[in-house]
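K.L.:
Next come the chains, spelled out residue by residue.
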Amino acid sequence: MVSLFDILGPTMVGPSSSHTAGACRLGQMARAIAGGTPERALVRLHGSFAATGEGHGTHRAIVGGLIGLSPDDLRLREAYEEATAAGLQWEFEDVELGDDAHPNSAIVTTWLNGEEVVTRGASLGGGRVEVTEVDGFPVSLGGNYHTLVLLAHDEPGTIAAVATILAAHHVNLATMRVDRTGRHQDALMTIEADEPISDAALGAVRSFPWLRWARVVPKIA
Amino acid sequence: MHKSIESLIRDAEESGRPLPQVVLETEAAETGVPAAEIRARIARTLAVMRRAVDEGLKGEVRSASGLTGGRARKLWENGPRLLGARVTETLARAISTLEVNAAMGLIVAAPTAGAAGVLPAVLVSMDDFEHLGDDKLVDAMLVAGGVGGVIAQRASLAGAEGGCQAETGTAAAMGSAAVTWLSGGSHEQIGTAIALTLQGMLGLICDPIGGLVEIPCIYRNASAAMQAIAGAEMALAGLDFPVTPDEVIDVMGEVGRRMPSAYRETAMGGLAATPSARKLVQIRPSSRPSGISR
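As given, the protein sequences belong to chains A and B, one line each in that order.
For the first sequence, the working numbering gives the first residue as 1, with consecutive numbering after it.
For the second sequence, the working numbering gives the first residue as 1, with consecutive numbering after it.
Treat the hints loosely; a few may be bogus.
Unchecked claim - DEER-style ranges, computed between Cβ atoms: (1) Lys-219/A x Lys-58/B: 56 to 64 Å; (2) Asp-250/B x Arg-206/A: 52 to 60 Å; (3) Glu-25/B x Asp-100/A: 37 to 45 Å; (4) Gly-136/A x Thr-244/B: 34 to 42 Å.
Please keep in mind that the hints were generated in silico from the structure rather than gathered at the bench.
Note that CB positions come from ideal geometry on N, CA and C, so glycine has one too.
So that you can see chain A by itself, here it is in the shape it has in the complex (with noise of 0.2 Å):
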């Protein structure tokens, strides 16, 4: 559905929906995902992104949006000053994804805390991202809500769990979806909710024997 202010916006830092505000977004997405500003991260650009991004601010974008800029902030010119300042540091590279990635889409390696993360997203246009894979886990993040995304063994009663212990951590849930993902067998759960969902939720998730892998992406503002 489009609306007005599809048409009447974005408010965004030029110059381009897709190169700067979308770059943006996923450079948010990418810290939304490694629970904070990271100490270091890794960027590979491809195909759009790293022919033209230079002349788009594309890499000052992605490096705001990781330390928290959002794509009205007009701090994004400096993005390289207000990231050092911030304490991450960053490195570019051009990456070669094929015909069949989309052509403005980004690897972003995070560090944080001894952890390392590796998301992938692509900027759709109008300011619009979606994250497609995390940790080489497909996914599909739009960074609209509080979401806990989770891998498990295809067996009965998964979901009936997971549903309970997020009652039970009070996490009012706004959708969820399950995709079996072909080659493992898996059952890939996206849950997307309105409140925060905890540490306490994810650690009482984590905890049961046929997860393989979880994770909480929060809300981008």
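Got chain A sorted already, so can you dock chain B onto it with the hints?
P.N.:
Relative to chain A, chain B alone:
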């Protein structure tokens, strides 16, 4: 949002509501956001547009590539020679916002960042000459938004999908509807202004030099703003057009779908592929900035 100009106008006529109110109440009903909140948000959007126009006219903005900056000021200072003051100042204001955009300033993508100069330019110029005030301009933005919503659903707003006609063409159609409404035009004249403006933008390709939102974009925004005023002027004079605005929008969509990819924001054709452009882009340093101390 409405899916045709025809249904938007019919809705206004059948319910006896002014056009801006129809767009506002439709948006409120579809999103659940109260109408007053939507108006307040549009007013904030207008404030950002005004700031960008003023910022660029100071003449100090420069893009990182060095391709743009300072031209809005130059035109403004030179003043009108062939055109009337309103149109010349509108051209300068359109360039202004795009220069701010290219210099990583704050702008409103309306409907896109690449076409962000058109609507602010025509709105601010109308206000400058007619002293309309923000409330009237917010109404005009609602009319413009309603038109943009129709084009988004029937054709496309993205240069990568439909060429420059999808970006600056849409912005011009939005701007001409806004100007016609602000000038007291009838519903029929608003529809005609949209058709007259958009027919003049049909086929425009997206061929930015170096793939950057700079050249020819700043000039395309200026000419699109002029086209918007021209379309409104002819419609207000009672000139007619035999093809309906919705049909012209559909043609724009069709032309976009059939446009070779070289002309859809790939920098592989058009002005971007000329020797002059290639020379300009070649001298740009490519770098992979790093903030890691070694």
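K.L.:
That 34 to 42 Å hint for Gly-136/A and Thr-244/B (C-beta), does it hold up?
P.N.:
Violated - the Cβ-Cβ distance for Gly-136/A and Thr-244/B, about 52 Å, lies outside 34 to 42 Å.
K.L.:
Within 56 to 64 Å: is that where the Cβ-Cβ distance between Lys-219/A and Lys-58/B falls?
P.N.:
violated (38 Å)
K.L.:
So does Asp-250/B sit 52 to 60 Å from Arg-206/A, Cβ to Cβ?
P.N.:
holds (53 Å)
K.L.:
Can you let me know if the beta-carbon spacing of Glu-25/B and Asp-100/A is within 37 to 45 Å?
P.N.:
About 43 Å separates the Cβ atoms of Glu-25/B and Asp-100/A, which means 37 to 45 Å holds.
Consistency note: the structure conflicts with the earlier hints numbered 1 and 4.
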